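Here the protein sequences come in this chain order: R and P.
Straight run, no breaks: the first sequence in my numbering ends on number 164.
Straight run, no breaks: the second sequence in my numbering ends on number 389.
Hints are not guaranteed to be accurate.
[Stated by the list, open to error] Subject to a maximum C-alpha distance of 30 Å in a straight line, what follows is the list of computed DSSO-like cross-link-like pairs (lysine-lysine): (1) R:Lys-34 / P:Lys-373; (2) R:Lys-15 / P:Lys-161; (3) P:Lys-314 / R:Lys-15; (4) P:Lys-254 / P:Lys-161; (5) P:Lys-310 / R:Lys-34; (6) R:Lys-140 / P:Lys-254.
Simulated from the structure, these hints should not be mistaken for laboratory data.
Every value quoted in this text rests on a predicted model; they were computed, and no experiment measured them.
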Amino acid sequence: MQREQLLELLQDDAKLTAAQLAVMLGEDEHEVRKAIAQYEKEGAIRGYHALVNWERTETQKASALIELRVTPKKDTGFDEIAGRIMNFPEVESVYLMSGGYDLAVTVTGRTMQDVAMFVQKRLATIDGVLSTATHFVLTKYKDGGVVFNRDYEEIDERGSNLCD
Amino acid sequence: MIEYDNLVNPTIKQVKPSGIRKYFDIANEMEDVISLSVGEPDFHTPWHIREAGIESLEKGRTRYTPNRGFAKLREEIAAFVSRHYRVDYTPETDVLVTVGGSEAIDLCMRCVLSPGDEVLIPQPSFVCYEPIARMAGGVPVTIETKPENGFRLTAEEIEEKVTGKTKLLVLPYPNNPTGAVMRRGDLEAVARVVEKHGLLVLSDEIYASLTYGEEKHVSIAALPGMQERTVLVNGFSKSHSMTGWRLGYACGPKELISLMTKLHQFAIMSAPTTSQYAAIEAMRGGDDDMEYMRGQYDMRRRLILDGLDKLGLKCFEPEGAFYVFPSIKCTGLTSGEFCERLIYSKHVAVVPGDAFGACGEGFLRISYCYSVKHITEALERMEAFLQEL
Chain R
1 MQREQLLELL QDDAKLTAAQ LAVMLGEDEH EVRKAIAQYE KEGAIRGYHA
51 LVNWERTETQ KASALIELRV TPKKDTGFDE IAGRIMNFPE VESVYLMSGG
101 YDLAVTVTGR TMQDVAMFVQ KRLATIDGVL STATHFVLTK YKDGGVVFNR
151 DYEEIDERGS NLCD
Chain P
1 MIEYDNLVNP TIKQVKPSGI RKYFDIANEM EDVISLSVGE PDFHTPWHIR
51 EAGIESLEKG RTRYTPNRGF AKLREEIAAF VSRHYRVDYT PETDVLVTVG
101 GSEAIDLCMR CVLSPGDEVL IPQPSFVCYE PIARMAGGVP VTIETKPENG
151 FRLTAEEIEE KVTGKTKLLV LPYPNNPTGA VMRRGDLEAV ARVVEKHGLL
201 VLSDEIYASL TYGEEKHVSI AALPGMQERT VLVNGFSKSH SMTGWRLGYA
251 CGPKELISLM TKLHQFAIMS APTTSQYAAI EAMRGGDDDM EYMRGQYDMR
301 RRLILDGLDK LGLKCFEPEG AFYVFPSIKC TGLTSGEFCE RLIYSKHVAV
351 VPGDAFGACG EGFLRISYCY SVKHITEALE RMEAFLQEL
């Protein structure tokens, strides 16, 4: 089984069926199902979700990237504080970073004010957080490997050559 | 009122326009058309290659290049051909950078053919060989390759058509539209006939990088004694998704290349400068992109073959290019009827096999230069179409 290729295909398009994946990889469908189940069990595949561009819906959303500088704990380092932050459902991702700050946290709320309040009330007050810097997302050009911006969207201009 | 008919060249007037046109015209009139008809990659030119072109523009590199193309590019092309296809050319004398592979084909035919010279053209194949041969004053002689041979060209088929006037053999593999490839053994047999009759070979290897399976593409020029008889044509369009840059090349014996260069220099001067800068980058750093795209096409190839098989359309397994060529004889329709009904009833555009030579009748050319989603949708519509027949 070409395991890396299977994961890459699913990462690109999680809607591909096991039958399609099997044909594309030249593998047995049953083997593909087994491999996927194994990935899910081991946690290599952590979920499947649609890549929604909320800017093109009626729903209002506001996202921000928050840089946190924190004091690592003596025994647990950054893990404990990251663990606390992760618990908030408003938090989409938490990364430990190299460079000028420690944790990069993305937060999504209904409005910018919601997000700002969340940072003020929930994040900044956590024991060990030294400072926060909130950067609001103004627009998403590309997310999850996919172009979101209309001006840069794929247009199939082919079909005008009458020879090839 | 000027009678243009009396003023223009009758040979060119008589050349029929490409048979692909009709379906494009119909498709352009419709909404929600799903097309599997184009012969060009859906991938964009890899960004680092585009960037090299942009950088050259920013630096103001907007003048002519040497007629043969930049020396640096010719060196890179020679290195590329040697690295991938094991044929060694001297960049100074044996390589010419052209405006797409098509220009190289045109130059080669015009330099080789005298009025009345015969050109062997295996079909089904790319639509340009026959008109170009005619416009060069040659006489196209078609060879019908057969599905039972996997649309490969055999030595016997050449022998049947060779005459004292035969000058040139066109070798269009990996093949558009069938996806057939010629493996080493097949080429060895062809090479023997070519030598026996003292022919030249125009080997159109534009799809060489898209050869599937363990075995890599073999150029006829790599066989003993064949380099001196072969003009190898390749380009950047298919291998590096660079169709719009219009850049190709010819490699061959210096005597032929210098003649082709003379013609190129008067008719074209030099291939586009920006494209040549981009192409240098493609040759230097594009092998991984090429391999990635080949892998993607290969997966789609399997998907569409499986899909057609489930629809009950017989299809030999193509091993190259990005087309499948299923037989539709079981439907009792001609290729033209099939395509016309399919586009009107299900809004799916494919190309009738006979656009690539009369022997393509009873087949369709289906391109898989499309996303998996697009291919799947088209197959579903075709299934519904077949059920309603």
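Hints broken by the structure, by number, lowest first?
-> 2, 6
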